[in-house]
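Trainee: Sequence:
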Amino acid sequence: MGKKPTRKPATQEGQSKEGGTKRQSTVRRHAKVTVSQEEDGTQIETQITKKSAATCEAGVQALADEFLKIKLMGQTNIPPKTAFDANPDKNRYKDVICIDQSRVILTWPPIEGSSDYIHANWAPVRGEKKFICTQGLSLFSCNSMFNI
Numbered sequence: 160m161g162k163k164p165t166r167k168p169a170t171q172e173g174q175s176k177e178g179g180t181k182r183q184s185t186v187r188r189h190a191k192v193t194v195s196q197e198e199d200g201t202q203i204e205t206q207i208t209k210k211s212a213a214t215c216e217a218g219v220q221a222l223a224d225e226f227l228k229i230k231l232m233g234q235t236n237i238p239p240k241t242a243f244d245a246n247p248d249k250n251r252y253k254d255v256i257c258i259d260q261s262r263v264i265l266t267w268p269p270i271e272g273s274s275d276y277i278h279a280n281w282a283p284v285r286g287e288k289k290f291i292c293t294q295g296l297s298l299f300s301c302n303s304m305f306n307i
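Those letters in the sequence shown? Residues 160 to 307, per the working numbering, in order.
Bear in mind the hints are in silico, worked out from the structure with no lab data behind them.
We put the beta carbon where it would ideally sit given N, CA and C, even for glycine.
It is possible that some hints are incorrect.
[Said to hold, decoys possible] Below 30 Å or equal to it, Euclidean Cα-Cα: the simulated DSSO-like pairs (lysine-lysine) are:
| no. | residue 1 | residue 2 |
| --- | --- | --- |
| 1 | K228 | K240 |
| 2 | K288 | K228 |
| 3 | K228 | K210 |
| 4 | K240 | K209 |
| 5 | K210 | K240 |
| 6 | K240 | K288 |
[Claimed, not checked] Estimated spans, in silico, between C-beta atoms of each pair:
| no. | residue 1 | residue 2 | range |
| --- | --- | --- | --- |
| 7 | T235 | V284 | 22 to 30 Å |
| 8 | I307 | I207 | 41 to 49 Å |
| 9 | N302 | E204 | 50 to 58 Å |
Turn these sequences into a full structure, and let the hints guide you.
Mentor: Below is the structure:
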């Protein structure tokens, strides 16, 4: 096969009024990359179609789980979250964790067998005031909210 001729970048030159400076700019033209021109030979459209079909077949929950898995992959040095992991029904969101170090521990009312967990953390603030951050209530955490 013969070699394709290469295009040189187009240049624009101009000069302002008397005594002005000369300006030159280069406009680069990029060739469109088509599926058949991919370096590794894969066909992107086919891959997208296959992934879309697999995602639709797996369902929304599987897609959400995959997203969370990928999101958490990059996170390192996550503080301990033992209570969060032990109470999945009381956590509204899987990706908003409640760390053990600053979590609010429910001590009232002292009912044997009741959980001391609510998805809430003490937040540091200036001064003498104390501040608690908690996630929106769920069906399983509503009663615990009044025990804070």
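Trainee: For a C-alpha distance cap of 30 Å, please report whether K210 and K240 respect it.
Mentor: Violated, at roughly 33 Å.
Trainee: Does 41 to 49 Å hold as the CB distance between I307 and I207, or does it fail?
Mentor: For I307 and I207 the Cβ distance comes to about 48 Å; the hint holds.
Trainee: Is K228 within 30 Å of K240, Cα to Cα?
Mentor: 17 Å, holds
Trainee: Do the alpha carbons of K240 and K288 lie within 30 Å of each other, as the hint requires?
Mentor: 25 Å, holds
Trainee: Keeping to a limit of 30 Å between CA atoms, is the pair of K288 and K228 held or broken?
Mentor: Roughly 37 Å between the alpha carbons, so the hint for K288 and K228 is violated.
Trainee: Is K240 within 30 Å of K209, Cα to Cα?
Mentor: At roughly 37 Å apart (the allowed maximum being 30 Å), K209 and K240 break the hint.
Trainee: Could you say whether the range 22 to 30 Å given as a hint is met by the Cβ separation of T235 and V284?
Mentor: 28 Å, holds
Trainee: Given the hint of 50 to 58 Å, is the C-beta distance from N302 to E204 inside that range or not?
Mentor: 52 Å, holds
Trainee: Does the alpha-carbon distance linking K228 and K210 stay inside the 30 Å limit?
Mentor: 17 Å, holds
Of the numbered hints listed earlier, those contradicted by the structure are 2, 4, 5.
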